[in-house]
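Quick mapping for you: the protein sequence lines, in order, are chains A, B, C and D. Taking numbering that gives the first Met the number 0, the leading residue of the first sequence gets 0, the next gets one more, and so forth. Taking numbering that gives the first Met the number 0, the leading residue of the second sequence gets 0, the next gets one more, and so forth. Taking numbering that gives the first Met the number 0, the leading residue of the third sequence gets 0, the next gets one more, and so forth. Taking numbering that gives the first Met the number 0, the leading residue of the fourth sequence gets 0, the next gets one more, and so forth.
For the record, the hints were derived by calculation from the structure and aren't laboratory data. One or more of the hints may lead you astray.
[Said to hold, decoys possible] If the Cβ cut is set under 7 Å, some of the chain B residues that face chain A in the computed set are:
hint, residue
1, 11
2, 35
3, 39
4, 42
[What the hints assert, rightly or not] Estimated spans, in silico, between C-beta atoms of each pair:
hint, chain 1, residue 1, chain 2, residue 2, range
5, B, 41, D, 10, 46 to 54 Å
6, D, 19, A, 19, 48 to 56 Å
7, B, 36, A, 64, 24 to 32 Å
8, A, 132, C, 33, 47 to 55 Å
[To be verified] Far from chain C by the CB rule (all over 12 Å, computed), these chain A residues:
hint, residue
9, 36
10, 39
11, 87
Idealized CB from N, CA, C, for every residue including glycine.
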Amino acid sequence: MIRVQEQPFDPAAELAAFTAGRTDVGGTAVFLGRVRDRDGDLVIRAMTLEHYPGMTERMLERLEGEARRRWPLLDVLVIHRVGRMTPGEPIVLVATAAAHRRAAFEACEFLVDWLKTRAPFWKFEETPAGGRWVEARASDDEAAARWERPAAE
Amino acid sequence: MIRVQEQPFDPAAELAAFTAGRTDVGGTAVFLGRVRDRDGDLVIRAMTLEHYPGMTERMLERLEGEARRRWPLLDVLVIHRVGRMTPGEPIVLVATAAAHRRAAFEACEFLVDWLKTRAPFWKFEETPAGGRWVEARASDDEAAARWERPAAE
Amino acid sequence: MRVRYFAWLRQRTGVAEEEIELPPHVRTVGELARHLAARHPRFGEVLDSRGVVRFAVNREYAGPDTPVGPDDEVAFFPPVTGG
Amino acid sequence: MRVRYFAWLRQRTGVAEEEIELPPHVRTVGELARHLAARHPRFGEVLDSRGVVRFAVNREYAGPDTPVGPDDEVAFFPPVTGG
């Protein structure tokens with residue numbers, strides 16, 4: 000399931016609800032991304048995530064579909080906040096459930112890596128010296144490229 | 000922190016407490032292992048984890064130390080249950096916190112892989128046909144071997 | 000045609016979105032960007048910076064040669080930085 | 000010396016742990032295992048199955064050539080299957 004929302008979410012409550020009551024899930028992998036109080040040497044007071052409504056959900060649903068095609072997943076949850084957030088607040092939660100751990104781990108990393116390079120979000124940071132748009136990082140592109148497959152079948 | 004315990008634990012509550020209030024953690028990776036109701040074609044009614052008290056804690060603390068040496072981790076939590084558990088119950092929780100996601104993910108996978116091959120736990124499964132000790136899997140050894148480093152420095 | 004701008008590109012155009020009349024000679028995203036550069040000079044300034052401006056047509060990633068028509072929604076934005 | 004057995008090896012010896020008198024000719028884990036095989040024949044049966052029996056001396060993994068003394072705690076167990 001994909002959720003893009005302004006309101007804060009509670010990662011613990013989401014994890015409690017995720018695959019609750021199921022007895023076929025052997026491994027659950029979770030990634031929780033939160034706002035940090037620094038970016039390199041810069042102090043971060045707050046961060047605003049802008050996105051492209053409609054396109055964001057479409058891209059995230061496509062990522063979920065791709066993850067389910069590649070790994071035998073029993074469930075997938077992606078929650079991504081938009082709007083203004085302060086340090087310590089959750090930004091994104093990605094959870095994957097599978098019979099065995101390897102699929103859960105790989106799918107979770109895949110989703111986070113592709114989300115960072117394919118979902119239309121933009122970060123604006125508030126620092127003591129003013130605001131600035133975060134620049135895309137080459138390391139994110141490299142991380143996402145690990146999961147590339149030849150286009151031809 | 001390492002905890003080996005008979006009593007059940009609540010993964011959601013543990014995640015809520017893990018690095019609570021910190022604003023320097025950008026990425027948290029979590030693995031939750033639970034009892035499955037099947038092992039291949041076999042129906043599992045319950046599972047008992049035996050361990051070597053004293054040695055278990057020592058090995059897990061060493062794993063935590065090794066993970067902290069290899070990655071810039073801000074915190075580590077490993078909770079492992081022993082005793083009898085039924086399908087759906089949590090067995091193990093591994094959580095790692097870092098400024099950036101790659102360290103959190105890698106350290107979490109490393110801890111789970113090494114835990115499975117280096118910590119003295121043994122699984123006994125109760126099936127409709129009786130009980131049986133689970134055999135070690137070559138795939139676990141291979142997963143753990145990914146993290147081997149040359150002994151020489 | 001509806002055109003949308005995001006993040007710091009939006010700050011360069013001064014508008015988040017606008018309805019424009021598609022001129023007959025504009026048939027691709029690249030041609031549309033050139034056309035809009037005349038309207039928004041500070042947007043035009045960065046158009047040639049390699050990899051700085053990304054495109055979507057009807058909420059799908061697109062390239063400069065992707066065709067556009069009067070009923071399409073076209074978006075311009077910098078490389079994404081979510082997660 | 001204290002000797003401990005775990006998992007299905009414990010079921011073969013019938014005891015989880017025992018105090019034994021270390022004979023003078025027993026100086027390594029491998030020699031100790033041979034010595035205990037006489038005491039626990041069903042434990043002895045699996046000793047030669049490659050990789051089935053693992054050892055620890057004083058709660059550290061050990062090999063057949065690891066030295067043992069009267070104050071050590073030695074454990075025998077199958078490959079681990081936790082997590």
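Results for each hint:
The interface hint given for residue 11 of chain B holds, since its Cβ lies 4 Å from the closest Cβ of chain A, which is under the 7 Å cut-off. A distance limit of 7 Å between C-beta atoms decides the matter here; for residue 35 of chain B the minimum to chain A is near 4 Å, and the interface restraint holds. Here the hint on residue 39 of chain B is broken, as its CB sits about 10 Å from the closest CB of chain A, past 7 Å. A least Cβ separation of about 11 Å between residue 42 of chain B and chain A goes past the 7 Å threshold, and the interface hint is therefore violated.
The beta-carbon spacing between residue 41 of chain B and residue 10 of chain D, approximately 20 Å, falls outside the hinted interval of 46 to 54 Å. Restraint check, residue 19 of chain D to residue 19 of chain A: a C-beta distance of roughly 50 Å satisfies the suggested window 48 to 56 Å. The supplied range of 24 to 32 Å is met by residue 36 of chain B and residue 64 of chain A, whose beta-carbon atoms lie about 27 Å from each other. Judged by the Cβ atoms, the range 47 to 55 Å given for residue 132 of chain A and residue 33 of chain C is violated: they are separated by roughly 24 Å.
No Cβ of chain C comes within 12 Å of the Cβ of residue 36 of chain A; the nearest lies about 18 Å off, and the non-interface call holds. With a minimum CB-CB distance of about 14 Å to chain C, residue 39 of chain A clears the 12 Å threshold, and the non-interface call stands. Non-interface status of residue 87 of chain A relative to chain C is upheld: no Cβ of that chain comes within 12 Å, the nearest being about 17 Å off.
Hint compliance for this structure: hints 3, 4, 5, 8 are not met, and every other hint is.
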